[in-house]
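Number of protein chains: 2
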Amino acid sequence: MKKVDFSQIKITGGFWRQKQDMVRNVTVNAVYDRFKETGRFDAFKCQKDTPLAPHIFWDSDVAKWIEGVAYLTREKREPQLEAIVDEVVDLIEKNRDTCGYFNSFYLSREQENRFKFRDCHELYCMGHLTEAAVAYYEATGKDKLLRLMCDYADYVERVFKIEGTAGFETPGHEEIELALVRLYECTGEKRYLELSKHFVDKKGCESKELTDWTALTYCQSHKPVREQDTAEGHAVRAVYLYCAMADLALKYNDQSLVVACKRIFESISQKRMYITGGIGSSHEGEAFTVDYDLPNLVAYTESCAALGLSLFAHRMLLLESNAKFAHVVERAMYNGFMSSTSLDGKSFFYTNPLEILPNAITRNTSVTKQTDWLPNPQRSEVFDCSCCPPNIVRYIPSIANMLYTHDDKTVYIHQFMESQAKFSVGEGEIEIEQKTSYPYDGKVEITVRGMDCRVAVRVPEWCDCYKGESNGYMYYPVCKNGTVITLDFKMKPRFVYANTEVLANAGKCAVTYGPLVYCMEGCDNEGHLRNIILDTEGSAEVGFNKELSVPTITLDAYTRKSNGELYSFNKGRLEKTKATLIPYFAFANRGVQEMQVWHLYK
Amino acid sequence: MKKVDFSQIKITGGFWRQKQDMVRNVTVNAVYDRFKETGRFDAFKCQKDTPLAPHIFWDSDVAKWIEGVAYLTREKREPQLEAIVDEVVDLIEKNRDTCGYFNSFYLSREQENRFKFRDCHELYCMGHLTEAAVAYYEATGKDKLLRLMCDYADYVERVFKIEGTAGFETPGHEEIELALVRLYECTGEKRYLELSKHFVDKKGCESKELTDWTALTYCQSHKPVREQDTAEGHAVRAVYLYCAMADLALKYNDQSLVVACKRIFESISQKRMYITGGIGSSHEGEAFTVDYDLPNLVAYTESCAALGLSLFAHRMLLLESNAKFAHVVERAMYNGFMSSTSLDGKSFFYTNPLEILPNAITRNTSVTKQTDWLPNPQRSEVFDCSCCPPNIVRYIPSIANMLYTHDDKTVYIHQFMESQAKFSVGEGEIEIEQKTSYPYDGKVEITVRGMDCRVAVRVPEWCDCYKGESNGYMYYPVCKNGTVITLDFKMKPRFVYANTEVLANAGKCAVTYGPLVYCMEGCDNEGHLRNIILDTEGSAEVGFNKELSVPTITLDAYTRKSNGELYSFNKGRLEKTKATLIPYFAFANRGVQEMQVWHLYK
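Order-wise, the sequence lines are chains A and B.
Note that this note's numbering has the first sequence beginning at 956, numbered continuously upward.
Note that this note's numbering has the second sequence beginning at 956, numbered continuously upward.
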């Protein structure tokens, strides 16, 4: 299977057009402003004494922002943003070491500690700069950064693969592995692919030690990758590694890697993933924990992890055309990823909880500073570890990457977005137009023309009116002169139940509408959300919230009115009420208040 | 109202006889052994260089143990234990400062920091030594420790009340306040009562500051005590203060203190108390938090706090004969206190959770040391801060303190224990014999003789077959020649529901049997406890667990069998099952496993 690059697809309207416009008009600038004022851009000057001390991962923040600018540029040039990028590139060229090494933190602060500590993010930063270099070259034709990063990659190859002179053997934070695959794809230089394979093969076989507070699972070094069967450790690091494993599995036709990727995918999607597609349930190590451990109030579920999961799941579609992978892409991108960003595009969640209890945040009245960990109940414009905002800047403009894969005869339609695409398939060229109001309406009209072939359309996981083949796709023959496929997946509010092993959700249900997970917020409902009991046999009305500009769901429900005593032998009166829900991605746009995804039901 | 000292009552059989025998035969020695080997006894030698560094609160650990020995001695002398006590007393006499000051930590380690830091427990230790001194004198007639503590109290009066030369104005950890009342009662020296009042009156009016990590609520210094209307801060410190407030309210007939005590009691019993009588819901500050914040899995609910609550609640009965106070004594002593001790009497809980999920304890697989706080799922023989074990040693032998109060005409029977009592009432002397298998059976036969008067028998909160007067007591005339009152409160399994403001228990119920709160443990039930749905309309059978020697309750219930998918539109099958529960106090005697007090219900 082959991928279809987003540059061959134009999002022409609907949900993602609105989000892409938001990134272009608001987010890319908002993130720049915050990064500029926190010193992240000036850090590239590599000055010894700056008022704002650089951090070891700042290069990656800016790199992801550059990658985002590059993607925006594919559709419409952005001279002002490009000027900023060019300035950063000039600074890298000016300040890098003659050997090719570049890291603003180590060059300005700790020359002597270069490549000494595994957890210090140098290769992670290098990986993101490499992705940025490839993207910027492909978007603008400007190759300076690409050349700089090739030099850097050559140096990394020497230090880590040829000479083995670094203080560690594989990166503590994966990213370079998948970046080197992109560098290979862009340059055709096979050494880069082999360097990626070197790092991936070495995982779990390192002889050098970890930091003292992390277990080997933390950075996926507990076993050689081909033996790994569960998703472990820091969730973002993990999915970036799994992306590289899937890439290498494809490039090398490495079946043992394919098998490992599939096993890990099952571990995530069947045992360690929130209904939102969020992953990494613990703040300790920002990490996967044990099977079915998915607490709601203290969910970590970093935005970058949901994003990374969608990247991994989509890559799996290149190894096997099975809808289960695309289901996870859909789940993550509309929920656990999209919740990361405020509706105005200016502020961001690092963590994405599935429940908020304001009282829990202020419960410790006897201490001056609460140390119990709880996710932030509101988004922020920038944070110390501000990896998520620029990841959003690069992800949304390239979201159409998720739409299609193909082989010589069949084009797989994995996702549904109002769009026009034109790309080569085998010897021919195909045009695909999608008209849809997805994710708010299940009607999709797909027009295909340009060559005789087949299209395979994914039946969404939540749809119960179509049945695909065993892999979850419906196959349609299409003809050169144009074929129109008109579908209606028929969205409706549905109740979802977790596996009873997920103890956090015992006795509870969630509500979905098409691909969207819904949640309750305090301001739409009377009383405490935890006391609302949904009537799963009652009526469900779809409405619209003008303030948030999203469809709402109003359900029959009950609340219990207790008699005021702290403990009573009396159950209390069950009263009929209505519960109103909004899409999960839209929560926390109206102040700090109660929120929950999992509800009691009757 | 007047109190009836336990020394006038003999527990003749049943639940508390068994527990008192356990303390005498096992616990008092087990605690001694652990304290001896951890250096707590040798610390009284006040040597500069000891292999085990003393801790600032070690004196209080030994003091409470001495108090326990004294209480055991009231019933039967214990020469070996007394010899240990006498040795400690000699060491205090030998090593104390000429001014009367004694603290093994400060005398051996930090002479220069005496009475300098508010949170350093010197007055707390002094208070416990004073209680021990009074108890030991009353039990044995030996007055050496009493004299030493009088000297110490005189010194404290000078430093804190007359000269004001200490580094702080009121203790960071209350205890001395109630101890000084006892010292006054024992010696008749009113200055000690006035010193207690001085400390209590000064609370919340101090000009000197707290430690940097605690709020003023932590040690109840947020307001003058007469203005306090909620239970705040460190729960043990709080209830010890409230005990002293109740004592002083009585001694001084201080109505503003009475009103404050009643307000605080309502705050605890109606908004901040677990169903077990446990208090202090947060490990941060070991403290009360906000109303209705009573999480089960992370419940702190220190053993000493439940014990202290029962002491406070019983004191309230001296201010007003209202059953609501005795209800709380009963709730705490059979549940949140009694759970502190293993059935073999050798190991102890510091914290008493209302739910245990073994998976939650080991969930953080990516770090080498989990920092998320969770209560210990198993009791330990000794801990660094081992305040609870000796508190148990002093509480159980004196449990009969909770039975009666009286005025000149009426004896109030608050609690039910197989026992014989003989004490003065007004001009006469009364004998009361209780025959009962309480808390396992509701039948109580009360024989009263010796004088014509009235007895008032509390109707337990859980009993629905008797109705008392508005204060919750049934009044019976009794005659000199003997009156027999035969009651059957008719215990049966009952479902309890929390106020809907207690969000932790939304959609859940607890099960009680008489005064006992019941819980489920994993080994008695199939599957995860959180998935068991109790049928509140179903049958309930009372059985017996031989291993634990406790009555069990078996209830009709359901479990849901999901289809194996992580998320499904299918609710899963509801299957009939049975749920078996044991008394909460008996949990964690069969290894680490799931436990819960609050259950889903249908």
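Simulated from the structure, these hints should not be mistaken for lab results.
Wrong hints could be hidden among the right ones.
Note that the list lumps identical chains together, so a pair holds whenever it fits in one copy or between two copies.
[Stated by the list, open to error] Think about it this way: if two alpha-carbon atoms lie no more than 20 Å apart in a straight line, the pair counts; the simulated EDC-like pairs of lysine to aspartate or glutamate are:
| id | residue 1 | residue 2 |
| --- | --- | --- |
| 1 | K1557 | E1492 |
| 2 | K1226 | E1520 |
| 3 | K1364 | E1275 |
| 4 | K958 | D1362 |
| 5 | K1557 | D1511 |
| 6 | K1301 | E1140 |
| 7 | K991 | E1336 |
| 8 | K1071 | D1299 |
| 9 | K1217 | E1520 |
| 10 | K1557 | D1490 |
| 11 | K1526 | E1492 |
| 12 | K1526 | E1416 |
| 13 | K1526 | E1456 |
| 14 | K1422 | E1118 |
| 15 | K1157 | E1373 |
| 16 | K1531 | E1456 |
Against which earlier hints does the structure fall short, listed by number upward? Going through the list in order, the structure violates hints 6, 8, 14 and 15 and respects the others.
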